[in-house]
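Student: Going down the list, the sequences are from chains U and H.
Sequential numbering of the first sequence, starting at -15, is according to my numbering.
Sequential numbering of the second sequence, starting at -15, is according to my numbering.
FYI, nobody ran anything at the bench for these hints, they're computed from the structure.
Just so it is clear, the structure is predicted and the values come from calculations on it, not from any experiment.
Some hints could be false.
To be verified - List of simulated lysine-lysine pairs, DSSO-like, C-alpha gap at most 27 Å: (1) U:Lys(-13) / H:Lys(-7); (2) H:Lys(-13) / U:Lys77; (3) U:Lys56 / H:Lys(-7); (4) U:Lys69 / H:Lys(-13); (5) H:Lys24 / U:Lys69; (6) U:Lys56 / U:Lys82; (7) H:Lys47 / H:Lys24; (8) H:Lys77 / U:Lys24; (9) H:Lys82 / U:Lys77; (10) U:Lys47 / H:Lys47; (11) U:Lys24 / H:Lys85; (12) H:Lys77 / U:Lys53; (13) H:Lys77 / U:Lys56; (14) H:Lys85 / U:Lys85.
Protein chains: 2
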Amino acid sequence: MEKISSTPKPPYYAVIFTSIKGQNLVNYAEVALHIENLVKSQPGYLGHDSASAEIGITVSYWKDLESIKAWKNQKDHSLAQVQGKSSWYRHYKVRICKVEKEYGI
Amino acid sequence: MEKISSTPKPPYYAVIFTSIKGQNLVNYAEVALHIENLVKSQPGYLGHDSASAEIGITVSYWKDLESIKAWKNQKDHSLAQVQGKSSWYRHYKVRICKVEKEYGI
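Turn these sequences into a full structure, and let the hints steer you where they fit.
Tutor: Here is the structure:
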């Protein structure tokens, strides 16, 4: 069963990746799975949540901006970003945020 | 066709609402629609994106923390939060964030 990411007491960082896919999804599924496995071992990674319907939203959580930058520049992830930009996504936005407050049940 | 929210140059604020529904969804659909229509007329509202699969993620964007607080305390939204907590959601998290950087295609 899916669970929402458990994150530490703020402050920490979130990367909100919002996307709309295009028609050319060659390699998408296998690269996405590889990247999802890879992110979990990155320094500073705190968790991620993902939901995909007409648009896709993935939010990943990070200890600090340095960890986010290192993940952006990680080799396989960089290649995936190039493919994403040139092929898979018709439209996307990346928003880098400082989480200041968290509550819930 | 769905479109990703267009937001101004950072800084601005994001509220990430991540949720897993329970079994009791009485009134959920009509209240959710009402709240989605209502949020668009709130002072400081900049847009929102939503995707729902096994988990649901809605991210709303705001001018400042005061606008977020006023929306949290808006009458119909407050009632919806009570119903959400007591009935609709098995689990949810609200994260209030300052968006520091944005890029995309």
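Student: Give a verdict on every hint.
Tutor: Against the structure, the hints:
The straight-line distance between the Cα atoms of U:Lys(-13) and H:Lys(-7) is roughly 33 Å, outside the 27 Å bound, and the hint therefore fails. Distance restraint check for H:Lys(-13) and U:Lys77: the Cα-Cα separation of roughly 11 Å lies within the 27 Å cut-off, and the hinted pair is therefore satisfied. Proximity of U:Lys56 to H:Lys(-7) is assessed by CA-CA distance (about 21 Å); at most 27 Å being required, the pair is judged to hold. The straight-line distance between the Cα atoms of U:Lys69 and H:Lys(-13) is roughly 17 Å, inside the 27 Å bound, and the hint therefore holds.
Between the alpha carbons of H:Lys24 and U:Lys69 the distance comes to roughly 30 Å, so the proposed pair goes past 27 Å and is violated. Proposed proximity of U:Lys56 and U:Lys82 is supported: the alpha carbons are some 17 Å apart, at most 27 Å. Between H:Lys47 and H:Lys24, the direct Cα distance comes to roughly 13 Å. Compliance with the 27 Å bound is thereby established for this hinted pair. Between H:Lys77 and U:Lys24 the CA atoms are separated by roughly 21 Å; this keeps the pair inside 27 Å, and the hint holds.
A C-alpha spacing of about 16 Å is found between H:Lys82 and U:Lys77, which places the hinted pair at or below 27 Å, so the restraint holds. A threshold of 27 Å between alpha carbons decides the hint, and for U:Lys47 with H:Lys47 the separation of about 25 Å falls inside it, so the pair holds. A C-alpha spacing of about 23 Å is found between U:Lys24 and H:Lys85, which places the hinted pair at or below 27 Å, so the restraint holds. In summary, the hint linking H:Lys77 to U:Lys53 is supported, as the alpha carbons are separated by about 25 Å, within the 27 Å threshold.
A distance of roughly 26 Å separates the Cα atoms of H:Lys77 and U:Lys56; the hinted pair therefore holds under the 27 Å criterion. Straight-line distance between C-alpha atoms of H:Lys85 and U:Lys85 comes to about 18 Å, which keeps the hinted pair within the 27 Å bound.
In this structure, the hints that do not hold are numbers 1 and 5, in rising order.
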